[in-house]
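Those protein sequence lines, which keep their order, are chains A and H. Numbering-wise (our numbering), the first sequence opens with residue 49 and increments by one. Numbering-wise (our numbering), the second sequence opens with residue 832 and increments by one.
For the record, the hints were derived by calculation from the structure and aren't laboratory data. Because the structure is a prediction, the values reported are computed rather than measured. All C-beta atoms in this analysis are idealised placements derived from N, C-alpha and C, irrespective of residue type, glycine included. Don't take each hint at face value.
Said to hold, decoys possible - In silico EDC-like links for lysine to aspartate or glutamate, alpha-carbon gap of 20 Å or less: (1) Lys1084(H) - Asp101(A); (2) Lys1084(H) - Asp132(A); (3) Lys1098(H) - Glu1011(H); (4) Lys980(H) - Glu959(H); (5) Lys1098(H) - Asp1012(H); (6) Lys980(H) - Glu935(H); (7) Lys73(A) - Asp151(A); (8) Lys980(H) - Glu864(H); (9) Lys1084(H) - Asp200(A); (10) Lys980(H) - Glu1073(H); (11) Lys1098(H) - Glu1007(H); (12) Lys1084(H) - Glu84(A); (13) Lys196(A) - Asp110(A); (14) Lys1203(H) - Asp1000(H); (15) Lys1084(H) - Asp96(A); (16) Lys1056(H) - Glu882(H); (17) Lys1148(H) - Glu124(A); (18) Lys1203(H) - Glu1073(H); (19) Lys1084(H) - Glu1073(H); (20) Lys1203(H) - Glu1187(H); (21) Lys1148(H) - Glu116(A); (22) Lys1084(H) - Asp80(A); (23) Lys196(A) - Asp101(A); (24) Lys980(H) - Glu882(H); (25) Lys1148(H) - Asp110(A); (26) Lys196(A) - Glu116(A); (27) Lys73(A) - Glu149(A); (28) Lys860(H) - Glu1073(H); (29) Lys196(A) - Glu124(A); (30) Lys1084(H) - Asp110(A).
To be verified - Using C-beta positions, here's what the derived DEER-type ranges look like: (31) His941(H) - Gly72(A): 35 to 45 Å; (32) Asp101(A) - Glu959(H): 21 to 31 Å; (33) Asp101(A) - Asp993(H): 49 to 59 Å; (34) Gln908(H) - Leu58(A): 56 to 66 Å; (35) Arg136(A) - Lys966(H): 49 to 59 Å; (36) Val1192(H) - Asp68(A): 47 to 57 Å; (37) Ile142(A) - Ser948(H): 22 to 32 Å; (38) Arg928(H) - Gly188(A): 42 to 52 Å; (39) Gly128(A) - Lys1190(H): 45 to 55 Å; (40) Arg123(A) - Phe1091(H): 23 to 33 Å.
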Amino acid sequence: MTSPPLPLDLIDALQMRYFDALDGKDMYAWLDTFSEADDTSYVLNTFDNETADLPLALMLDDCRARLEDRVTYIREIWAGTFEDYRTRHFAQRIACTSAGEADTYNLRSNFCVFFTSDADGQSRVLACGEYRDVIRIEAGEARFLSRKALCDTTVLPQYLVYPV
Amino acid sequence: MTSTRGMVEPEVRWPARYNEIPKEVFVRKDVFELELERIFHGPEWHPVGHEGEIPNPGDFKTFSVGRVPLIINRDQQGEVNVFYNACSHRGNQLETRLHGNRTEFECPYHRWLFDSSGNLAGCPNYREFKPGFDKRDYPLSRPRTASFKGLIFVTFSETTPDIDSFLGDIRSTLGEALGEDGRLRLIGYQRVTYRTNWKAYCDNDGYHAPLLHRAFKMLNWQGGKGRQYATRERGHMGFESELTAPTQVSMLKDNSIIAFEGVDPSKGSRVIELFPFFIATKHLDTINLRFAIARSVDETEVHYAFFHHLDDSESLKRHRIRQSSNLLGPCGLISMEDASVFHRVHVGNHTPGTVEFQKGVKTVDHLDFDFKQNDETGNLPRWEYYRSVMGFERVQA
């Protein structure tokens, strides 16, 4: 018995929507890559915390309400207070498997994010690491039930405004 | 640029007025080298960790004071030790990881092996060593250490006063930030490099808070009653504030980020800054110790360590984790903008002249210790102590 084919085209399209949203600073489009479920989540952390079983994160948006609040931080609360920077996200799909439930998949990919500061025009690596995602196909479109970005980068080169 | 002991060339001319700081001290490499000698290797205590970061036998962390690498560990007997992070043989750095657990330290260079208490347990071919060689003479070296409610301090000077004298009147506020009894447990780290001088990182004030941090205003979060003070000896600063956070903010869908669950709001906020640049804060239910490293004249690395208290219920611990992750630090709701200012202040400090503290200045002729909560003058006692230990002469008015 062969397992059904993985919907890699839909999953890759989700990755592209996610990066296009962040690199374009369109936070509503970023939010729209996540499921509407109440327990949908985004977590940014370091492997350093994760492997030492330290529960703190760099960004811990463990429910849909916190994801929506992150959009508010960036668009309204922090507006005009920081030196902005541009990002370019690059990722490579490493493993994709069925998560057991219907239309639900586990995705693992490597990422690297470059940033260019508006202040000095220099481009540097902001963080690199691994995404660990749970993705569900909803109405013909893939969305994140959860996205966890784990950074190899233990000491960030600067403050973070946007999710990774 | 010649720097001999105790001298910088050209000399720093310190302004006569007490509210002015010469910008050159933020950007000159020779001043930074003198700071390493006079302050970081001088008669000061430097916090390097909290016992709650290394709760189990074998737990260790590494840290640096200035350029000096250290290992802080809990040995097999449960005692806390601080070692220089260098083999007692040829000085090879012994441990490279930021933290971990190990019962012995082995130098890879010639396989000298040290137990968790720093004793030399073995070294290959020792029969061919110098006459009379005895392993007992070669433990890992240690700096002087002291402890206050679990906070671990080191100093490299024999003349540093005892820790109680060093801390002075700041002890009660620091104790409150450490959960009164210091029984804290690490929940994790956030680490970042700020492209700024260490002294710009620690110029803190209550004046900027509602102006820079729009979250304070937009969340209708105003500081309640409180006080700011500085110790007379070294200018350690303390802020004690009530916080009147509203229970419901229409802007936010998840109000737990600004909720009080564990503490009385009258003790809502504590900020302590010890000379030279250690910061401890307790905001809402977060307990945060900021261990910082002056990497160079224009780079400051900050390790934000967050804690819960050992008596916390599971739900309070969970609340602290959720609040700590998103409130403070290099991506925190109420702190992210600080980082941007640190960098811009450093760029601006390459211009000639002085920076002037204004808010709360009642006289420019001498130090004044009477501050309101939102004054910026609380930094001036620390600056005056800095000037005196650096040996910079104040010009005559």
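A quick look at each hint next to the structure:
1. Lys1084(H) - Asp101(A): violated, 29 Å
2. Lys1084(H) - Asp132(A): violated, 26 Å
3. Lys1098(H) - Glu1011(H): At roughly 12 Å apart (the allowed maximum being 20 Å), Glu1011(H) and Lys1098(H) satisfy the hint.
4. Lys980(H) - Glu959(H): violated, 46 Å
5. Lys1098(H) - Asp1012(H): holds, 16 Å
6. Lys980(H) - Glu935(H): violated, 27 Å
7. Lys73(A) - Asp151(A): violated, 29 Å
8. Lys980(H) - Glu864(H): violated, 32 Å
9. Lys1084(H) - Asp200(A): violated, 31 Å
10. Lys980(H) - Glu1073(H): violated, 23 Å
11. Lys1098(H) - Glu1007(H): At roughly 9 Å apart (the allowed maximum being 20 Å), Glu1007(H) and Lys1098(H) satisfy the hint.
12. Lys1084(H) - Glu84(A): Answer holds: Lys1084(H) to Glu84(A) is near 14 Å, not above 20 Å.
13. Lys196(A) - Asp110(A): holds, 10 Å
14. Lys1203(H) - Asp1000(H): holds, 18 Å
15. Lys1084(H) - Asp96(A): violated, 30 Å
16. Lys1056(H) - Glu882(H): With Cα atoms ~32 Å apart, Lys1056(H) and Glu882(H) exceed 20 Å; violated.
17. Lys1148(H) - Glu124(A): violated, 30 Å
18. Lys1203(H) - Glu1073(H): Holds. Lys1203(H) to Glu1073(H) sits at ~14 Å (cutoff 20 Å).
19. Lys1084(H) - Glu1073(H): violated, 24 Å
20. Lys1203(H) - Glu1187(H): It holds: about 18 Å lies between the C-alpha atoms, which stays within 20 Å.
21. Lys1148(H) - Glu116(A): Violated. Lys1148(H) to Glu116(A) sits at ~24 Å, over the 20 Å cutoff.
22. Lys1084(H) - Asp80(A): holds, 17 Å
23. Lys196(A) - Asp101(A): Roughly 15 Å between the alpha carbons, so the hint for Lys196(A) and Asp101(A) holds.
24. Lys980(H) - Glu882(H): holds, 9 Å
25. Lys1148(H) - Asp110(A): holds, 15 Å
26. Lys196(A) - Glu116(A): Holds, at about 17 Å.
27. Lys73(A) - Glu149(A): Violated, at about 33 Å.
28. Lys860(H) - Glu1073(H): Outside the cut-off at roughly 41 Å; violated.
29. Lys196(A) - Glu124(A): With Cα atoms ~25 Å apart, Lys196(A) and Glu124(A) exceed 20 Å; violated.
30. Lys1084(H) - Asp110(A): Holds, because 13 Å separates the two Cα atoms, which is no more than 20 Å.
31. His941(H) - Gly72(A): 35 to 45 Å: violated, 55 Å
32. Asp101(A) - Glu959(H): 21 to 31 Å: This hint is violated: roughly 45 Å between Cβ atoms.
33. Asp101(A) - Asp993(H): 49 to 59 Å: Violated, at about 37 Å.
34. Gln908(H) - Leu58(A): 56 to 66 Å: holds, 58 Å
35. Arg136(A) - Lys966(H): 49 to 59 Å: holds, 55 Å
36. Val1192(H) - Asp68(A): 47 to 57 Å: holds, 51 Å
37. Ile142(A) - Ser948(H): 22 to 32 Å: Given a distance of about 43 Å, which is not inside 22 to 32 Å, the answer is violated.
38. Arg928(H) - Gly188(A): 42 to 52 Å: holds, 47 Å
39. Gly128(A) - Lys1190(H): 45 to 55 Å: violated, 22 Å
40. Arg123(A) - Phe1091(H): 23 to 33 Å: At roughly 27 Å between Cβ atoms, Phe1091(H) and Arg123(A) fall inside 23 to 33 Å, so the hint holds.
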